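Note that the protein sequences, when read in sequence, are chains A and B.
Residue 104 in UniProt numbering sits at position 104 of the first sequence, and the numbers go up by one each step.
Residue 103 in UniProt numbering sits at position 103 of the second sequence, and the numbers go up by one each step.
None of these hints come from the bench; they were simulated from the model.
Be careful, since some hints might not be right.
Claimed, not checked - Using 25 Å as the maximum straight-line C-alpha spacing, the simulated SDA-like pairs for lysine to any residue come out as follows:
#, chain 1, residue 1, chain 2, residue 2
1, A, K134, B, K62
2, B, K152, A, Q81
3, B, K141, A, P129
4, B, K141, B, H38
5, B, K34, B, F150
6, B, K74, A, V169
7, B, K152, B, D178
What the hints assert, rightly or not - Okay, the calculated beta carbon distance ranges per label pair:
#, chain 1, residue 1, chain 2, residue 2, range
8, A, P6, B, A123, 45 to 53 Å
9, B, T160, A, T46, 33 to 41 Å
10, A, A200, B, A151, 51 to 59 Å
As the list claims (entries may be wrong) - Just a sample of chain B residues kept apart from chain A, beta carbon distances all over 10 Å, derived:
#, residue
11, G3
12, A14
13, L59
14, A61
15, W67
16, V130
17, G132
18, T148
19, S155
20, K157
21, V159
22, L169
23, T173
These numbers were taken from a predicted model, which means no experiment stands behind them.
By construction, the Cβ of each residue, glycine as well, lies at the ideal position given by its N, Cα and C atoms.
Below, each chain spelled out in residue letters.
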Amino acid sequence: MKVRFPESADEAVADVADGSTVLVGGFGPAGMPYALIDALIRQGATDLTIVNNNAGNADTGLAALLAEGRVRKVICSFPRQHDSWVFDGLYREGRIELELVPQGNLAERMRAAGAGIGAFFCPTGVGTPLAEGKETREIDGRTYVLEYPIHGDVALIGAHRADRAGNLVYRKTARNFGPVMATAADLVVAEVREVVEIGAIDPEVVVTPGIFVDRVVVS
Amino acid sequence: MSGSARTVDEIAAAVAADIPEGSFVNLGIGQPTKVAEHLTADSGVVLHTENGMLGMGPLAAKGHEDWDLTNAGKQAVTELPGAAYFHHADSFAMMRGGHLDVCVLGAFQVSVTGDLANWHTGAPDAIPAVGGAMDLAIGAKQVFVMMTLFAKDGSPKLVTECTYPLTGLACVTRLYTDLATFDLGPRGAHLVETFGTTPAELAERLGLDLV
Numbered sequence: 001m002k003v004r005f006p007e008s009a010d011e012a013v014a015d016v017a018d019g020s021t022v023l024v025g026g027f028g029p030a031g032m033p034y035a036l037i038d039a040l041i042r043q044g045a046t047d048l049t050i051v052n053n054n055a056g057n058a059d060t061g062l063a064a065l066l067a068e069g070r071v072r073k074v075i076c077s078f079p080r081q082h083d084s085w086v087f088d089g090l091y092r093e094g095r096i097e098l099e100l101v102p103q104g105n106l107a108e109r110m111r112a113a114g115a116g117i118g119a120f121f122c123p124t125g126v127g128t129p130l131a132e133g134k135e136t137r138e139i140d141g142r143t144y145v146l147e148y149p150i151h152g153d154v155a156l157i158g159a160h161r162a163d164r165a166g167n168l169v170y171r172k173t174a175r176n177f178g179p180v181m182a183t184a185a186d187l188v189v190a191e192v193r194e195v196v197e198i199g200a201i202d203p204e205v206v207v208t209p210g211i212f213v214d215r216v217v218v219s
Numbered sequence: 001m002s003g004s005a006r007t008v009d010e011i012a013a014a015v016a017a018d019i020p021e022g023s024f025v026n027l028g029i030g031q032p033t034k035v036a037e038h039l040t041a042d043s044g045v046v047l048h049t050e051n052g053m054l055g056m057g058p059l060a061a062k063g064h065e066d067w068d069l070t071n072a073g074k075q076a077v078t079e080l081p082g083a084a085y086f087h088h089a090d091s092f093a094m095m096r097g098g099h100l101d102v103c104v105l106g107a108f109q110v111s112v113t114g115d116l117a118n119w120h121t122g123a124p125d126a127i128p129a130v131g132g133a134m135d136l137a138i139g140a141k142q143v144f145v146m147m148t149l150f151a152k153d154g155s156p157k158l159v160t161e162c163t164y165p166l167t168g169l170a171c172v173t174r175l176y177t178d179l180a181t182f183d184l185g186p187r188g189a190h191l192v193e194t195f196g197t198t199p200a201e202l203a204e205r206l207g208l209d210l211v
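Turn these sequences into a full structure, and let the hints steer you where they fit.
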C-alpha cells in the first residue's frame, strides 16, 4: 500500500495493539526512533514483545517504555550496559522475560522473516548454551543450528530522510537494523528528520525502497 | 624469553604487529580496541565495526562527536577515506560468511584447543549479554584473543576445558597474554614466546603440557 504521512507520531502508532511484537530500530541511541517510542508510551499498548539490539539506555526511549511496565518480553543481543538500570531492575525482579540472541542471528532472523524464508541453518552458537535444545545439522562437514525468523507486527525505525514515495536513506551507523526491520513487520513506521519531494533522492542511493514503508513521520 | 611481563599496550602492539597488511579486522569491545593505536597508516588495515561500517577511524575529538557515527561500544568515532556503511544483516554476513580476516577479542577463558568463553561468567545473578561475540568467534578467518594469563585469584585462564559457558568451539587461533603468546589448535597449545617467565615455570603454573 502507498505510504502515508500522518500529522504526528501519536497518529502514526495509534493502532498498535496490546500483545504486539514491536521491532525497534537503533543500536544504542544511534538510529533509535525516540519520537515514535514516546508516542507508543502515550498510546498505552501493553504486554508488548520488544525486539532491539539492546534493552534500553538510561531513562528515555525504550527504557522509559520498560519502566512503564508495558513490555512482557525483550528479544535482544546485549541487554547489559552501563546505563541499562531499568532493564536490570525488572529482570532481577522477574518482571520481564529475556530471549538472548546472538547479534548476527537477531539480524538474520528478521532478514529471513522479511524475505519469506521459513528457517535457516547457521554456524553461530554451535556448542554454546544459546543453541541448547535446537535442531542441528552437519552440512559439508560443519555443524549448523536451525534458527527461525523473527516477524514483527510493527516496526518502528529511525531514518535520515524520506521522499514522498516512502524511499528511505539513513545516515552513517544510524542505519544499523533499520533496513532489515523495515522488511520484517506488517506495519512499518519510519521516523525521519526530513521529507523531500519525489526525485530529490537519487534512486541509486535509496537504501529502503518505499514498498517496505507504511507510514513516515518527521521528528 | 624476554625480561618482564607485558603491559596491555605491549600486548596490543604485539597483536597489531601480527595482523597481515591489508587485512579486514574487527576489534572487540574493551582491551582489543587498543590494538588500533598500534596499527600504522601504511599497514592498509581496514577496521570493521559490527554496527555497520568499514573504514572506521579513531574516536571523535571531544566537542566533535556525531552520534550517528558510533562504534560497537557506542562511542563516537570517525570515518576514514574509503569508508562504507551497511545494515546489520550485511555487517554480520561479513563475519558469518568468512569475509573478515582477523578479529581480536577478550576472554574469561580459552581452552588449549581454541574453545572460547567470553560472554557470560555463568553466575546465577549475572545478566547475560552476548552481542556479536558468537558471530565473530565462528566467522573470522583468524581469531586472536588478548587477556591476562591468570585471573585475579591466580587461576589459569588457559585451560584444558573451559568451565565458563562457551562462546564458540575450536575458534581461537592465537592467544596473546602478559606472560606468553600461544598458537592454539587441534594438537593443543603451542608456546611461541614467554615474557618474564620460562617455559618450564609457565607449564607448571598452568598445569598444562605445552606442545
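> Which earlier hints can't be squared with this structure?
Replying inline: Per hint list: 1, 9, 15, 16, 17, 22 violated.
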